[in-house]
Every structure is written in structure tokens, then in C-alpha cells.
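A.B. asks: Kindly generate the complete structure, drawing on both the sequences and the hints.
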Amino acid sequence: MANWLFLIPLAPLAAAVINFLFGRWYIRDRAHWLAILGVATAFAVSVAVFAQVAGDGEAVSQHLFTWIPAGDFQIPVTLTVDQLTAVMLLVVTGVGLLVHIYSVGYMHGDPGFYRFFAYLPLFVFSMLMLVLANNYLLLFFFWEAVGLCSFLLIGFWYRRRSAAQAAKKAFVVNRIGDFGFGLGVMLIFVNLGTLEYAGVFERVASLPQGTVTIIALLLFTGAIGKSAQIPLFVWLPDAMEGPTPVSALIHAATMVTAGIFMVARSWPIFAASPDAMLVVAIIGAATAFVAATIGLTQYDIKKVIAYSTVSQLGYMAFALGVGAWAAAIFHLMTHAFFKGLLFLGAGSVIHAMHDEQDMRHMGGLKKYMPVTYWTFLIGSAANAGILPFAGFWSKDEIIVGAWVGGRPIIAIVGLIAALFTSLYMFRVVFLTFHGEERFDRRHVKPHESPAVMTIPLLILAVGAMLAGFVGFPPENGAFHHFLEPVFSGHGAEAHHVSTATTLTFGAISTAIALAGLGLAYAAYIRGSLNPATIAERFGPLYQLAYRRWYFDEIYETLIVHPLYRLSVWLWRVVDVQIIDGTVNGVAALVSFTAQRWRRVQTGLVANYALAIALGTVIIVGVYLIVGSNLFQ
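So the sequence shown is numbered by the numbering used here: it starts at 407 and just counts up by one.
Calculated directly from the structure, the hints in this document are not laboratory data.
We put the beta carbon where it would ideally sit given N, CA and C, even for glycine.
Don't take each hint at face value.
Just the calculated beta-carbon pair ranges, DEER-fashion [said to hold, decoys possible]:
| hint | residue 1 | residue 2 | range |
| --- | --- | --- | --- |
| 1 | Gln571 | Gly987 | 31 to 39 Å |
| 2 | Phe585 | Ala450 | 36 to 44 Å |
| 3 | Asp981 | Pro856 | 49 to 57 Å |
| 4 | Leu554 | Glu962 | 19 to 27 Å |
| 5 | Glu962 | Glu890 | 46 to 54 Å |
| 6 | Ala476 | Gly987 | 38 to 46 Å |
| 7 | Arg971 | Gln458 | 53 to 61 Å |
30 Å max Cα-Cα, derived DSBU-like pairs, lysine-lysine [what the hints assert, rightly or not]:
| hint | residue 1 | residue 2 |
| --- | --- | --- |
| 8 | Lys773 | Lys851 |
| 9 | Lys709 | Lys773 |
| 10 | Lys574 | Lys709 |
| 11 | Lys851 | Lys709 |
| 12 | Lys772 | Lys851 |
| 13 | Lys772 | Lys709 |
C.D. replies: Below you can see the structure in the form of C-alpha cells.
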């Protein structure tokens, strides 16, 4: 299959280019056929490559061309698929294909239909090249391409001011992380003389500890932006301004998984720096906790799921920070199923509710949308970590990994976040699908979505139910054995978890998830708990979570407003007064001088003769004073 690797990124790229060039005038509302065909081709080849890698246990690669041949600086464009990349290929193309199919129904009738189906496969192409790269520069190039595609898709409805602002916010916030990532890549080359993964990982042990730590932290800065970790997670909830299928693609298979993948790919660098690992673990745990608390208080159905994504990304990050590499990728894979399912389910609800996203205006939708309800319930159970759904296996393994990895506080934070996760997910289920109907039945007629939207929901629901079993038994499942060749060597030490520890944490995780479900049931179905009273009792804490820990306000106060005032000062003082004043002053001086000299041009010969005579007298006078000894 090595000779056919190029088809994986080429197929969606070709679909995107053709839709860009001919979509507006010729293809129009048929643009989805090319996009789906392109991503389906990529998925089919990815499955074949996965089977070969799983069978042989060896990575496959295909060299396409040398991008930058400059002396010792060689950047090959070589596609490489090892076990880690093989998993990512299936996630990106599999979820991407379902999102494409779902989008046919969701985006039907949109004036930008062809444009949407040009951006979407371009996004998939960029992510595929990112995971297929065999060196940091190629990864960084498509890291930026993924950011560009997310900007285009978040701001897809660019005439809507909020969408344009959200796209700009995502772009700017990610540039902060990308700046650090770029510095890390440069530092790698300066110290090691190569950017190819194999060469970097072989030589990283020769570097001083401080240098390795700086490189790892700079790389992780990029992941903080791309994978929405504290303090750069603020762009992700606002990214809900894009069409819902875009949210599903960003949250489940592309953008936000790039940072987790990059850190996992760079694990020998991180493993060589315990300090960097500790930072990754702390930021990941803090992200999981903070985002979970925010999710408890929001009413926008998409934003609750978005904060859930941030929280789950926090789990993945602290799994990486405690050295549970396989568990992090395991959770990335299971998360792709249930988060894609939840977003597409939310899209189905929004589609039926005529773009209503506030759960306070929903309720009682279960009987109108049975397929959406049951699939959404499965996704919620998986996200909440309820046994035996997919999220239980991977999340529990991460918490156990933190415990046995010597980070008990982080494990406890993970358990608390798990309680909040179960509570807010079933809060969404009960507020949306159960209870009294709170929407205006005169104008809103809820109905089930068409088959083109519900079939992807059913497929993802199967994954959300069963995908976790590839990691069974915990720490020793088929998924872990498959990834062993990637996460071995370079001094790595595997965590040894006793059966008693596994069972104990499994019981605790299950009890916590059920406790969250019970609290949500008591509050939103039975009414034995009053959410308003609880919110009032926890006043400041509730406001802290409701206002999203004031991150946006802090950024506005400390960064945006000072930069705005600095920009205004630079405009008014430096630009207008100094630069424009200098240029305009010189022009005015020349004009003034020219106006005065213009009067010399009288057209009278007598005046010219007088001027010549006076000039001659002056020249002779100067000569006599300076060049002769007459006055000496």
C-alpha cells in the first residue's frame, strides 16, 4: 500500500479544488458528491493501510519530493504511516466522511452550499497531511493550514457579525500558541540539525535538560492553542458560530485533536523532561476541571458540548503529562465517536427547532425525535463515562494512569471533573428531550431529521457504545498492543496496574458517573432539587462558572483594551502626527519654496540681466573673500 499513500490526502484535495473552481457556476448544489467521494476514497485507502500496518507491525512510507533542498537543510515531503498515524487516519477520514454525509441534509438550501463543500474536504486534507508528515516543518505547515480552514469554516456565515468575530478570535488566539510552536521547531533544528522525527528522537537524549524542557514547553504552547487548553481555550466555545457539522469536525476529528496528536508524536522529547511533563499534566487537569464547571451553568446546547470538549481535551492532556500515552490516544479515539455524535445530535435538534439553541426554550422533544433522542442519550452516557459505553474505558484508564503515575491529586481532580461531566450531560438530555414543552408550538413544529442526517447518528452511536472494548482489558487491550511499537524505547517505562487498582477505580468512576446522573435527574425530572436555589446558594461560585471564570473579561481588560489604546495612540501620534506630519511637512515646504521662487520667473529680460549681474557680483565677492589675500 505504500505506493498508494498519496491518494489519502489527494482525493479530498482534488474535491476541494474542483468545487472551488467550478462550484459557483457549474456544480452548485451537487458539490457534495465530489466532497463525499473524495473523503470516502481517503477512508477506503486508510482502512487498507491500517490493515497492512496492523498485519505487518511495520510503518509504511512514500517519498513524494524534496520540498527544501538547501545544503544540510533538507525537508522531504514523505508520507509515513505508523500505528499512531494509522489510528488518526481512521478517526479523521471516518468521522469526516460521516460529517460530510450529514452536512448534505443540514446545509441543504444554503446559498454557500458549494463553498461549504469546498472548505470541508480542504479541512480534511490539511489534517491528513498533518498526521502523515514525517518531520516538524511539514507538520507545522499543515498545522497552519488547519488553522486557516477552521477560520474559513467558523466564519462561514461571514455576513453575521458574531461569526466573523468568532473566526477572528479563533485565528488570533491560535497564533499565540503557534508562535511558541514555531520557536520550538526552530530550537529543535538549531540544536539537533534535523527536523525529521526519527533523527530528532534519536538525538534528543544528547541535549542538556534545560534545552529539552524549553523545546517541550514551546511545542506544548502550540498544543495549548490548538487543543484549547487553559489559558487559550476561549476561542473554542465561540467557534460554535460556524455550522454545526463544522463544530463536529473541529471537535471530534481535526483541529483540536492536532495538539494532542503532536504531543503524543513528540513523546520522546516530553519524556526526556519531567518538568515539562508536570506542566502538561497540571494544565490538562486544570482545563478538565474548569471547563467542566462552566459546562454546568450554560444554556446554549452547543456551548455545553463545546465546554465538554475542552474538558475532555484536558483529560487527554493530563494523560500525556503523566505518561499514559496510549490512554490519551485511546480517549482521543473514543471521544471522536461520542463527541461527533453529540454535535451532530445537537445539530439535529437545532435543525428541528428552527435554529433555537437555548435549552430553556426546548423540552419534551423525545417523542418528536426518537432517533435523535436515543443516539444523543448514548453519546451523553459515553461522555459521562458510564459503563460500558466507550468513554468509560478510556477516561477511567486516564485517571488510573494519573494515580499509578504518582499524581494522585490530578487523579482526584479527574474524578471530580467526571462527576460534573455526568451532571451537565444529563442536564442537557433532560432539559432538551424531557419535561414540559417550553417552545412556542404555534411557530415551531419539531420533527425528526431526514435519513441523510440520522444514519450518521446511528453509525456514531454504535461506535460510542462499542469502541471502548478495543481497550479491554484495561491497559492490556488490543488497542494498547497495537500502539506499543510507537510508545516504546527512548527509556519509556510502562505503568503496571494491578487488577485490584483497576477494579477499584472502575467502581469509583461508575459510582461518580451515576451520582452525576442521579443529581441531574433529581434537579430536572423529579424536581427534588431546585437548580435556581442551588445557584443562589453558591452565588459567587455559580457566577464564576457562569461567567466562564472571567477569562474573556480578563483578556479584555489586560490585553485587548491596552492593545487597542496603544493602537489608537500609535495611529494618532506616530502615524498621523509624526510619519504623516513629516511627509506632509516636506511637501508643504517644497510647495512654499516653489511658490516663492515662482515669482522670480517674471519674463522680463531686464530682470534676468539684473539677476545675472547680482549673481556675478556675489560670486566675485565670495571669491575675493575666500580665495584671495585681498582682505588678509
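A.B. asks: What hints, given by number in increasing order, does this structure fail?
C.D. replies: When the structure is compared with the hints, none of them turns out to be violated.
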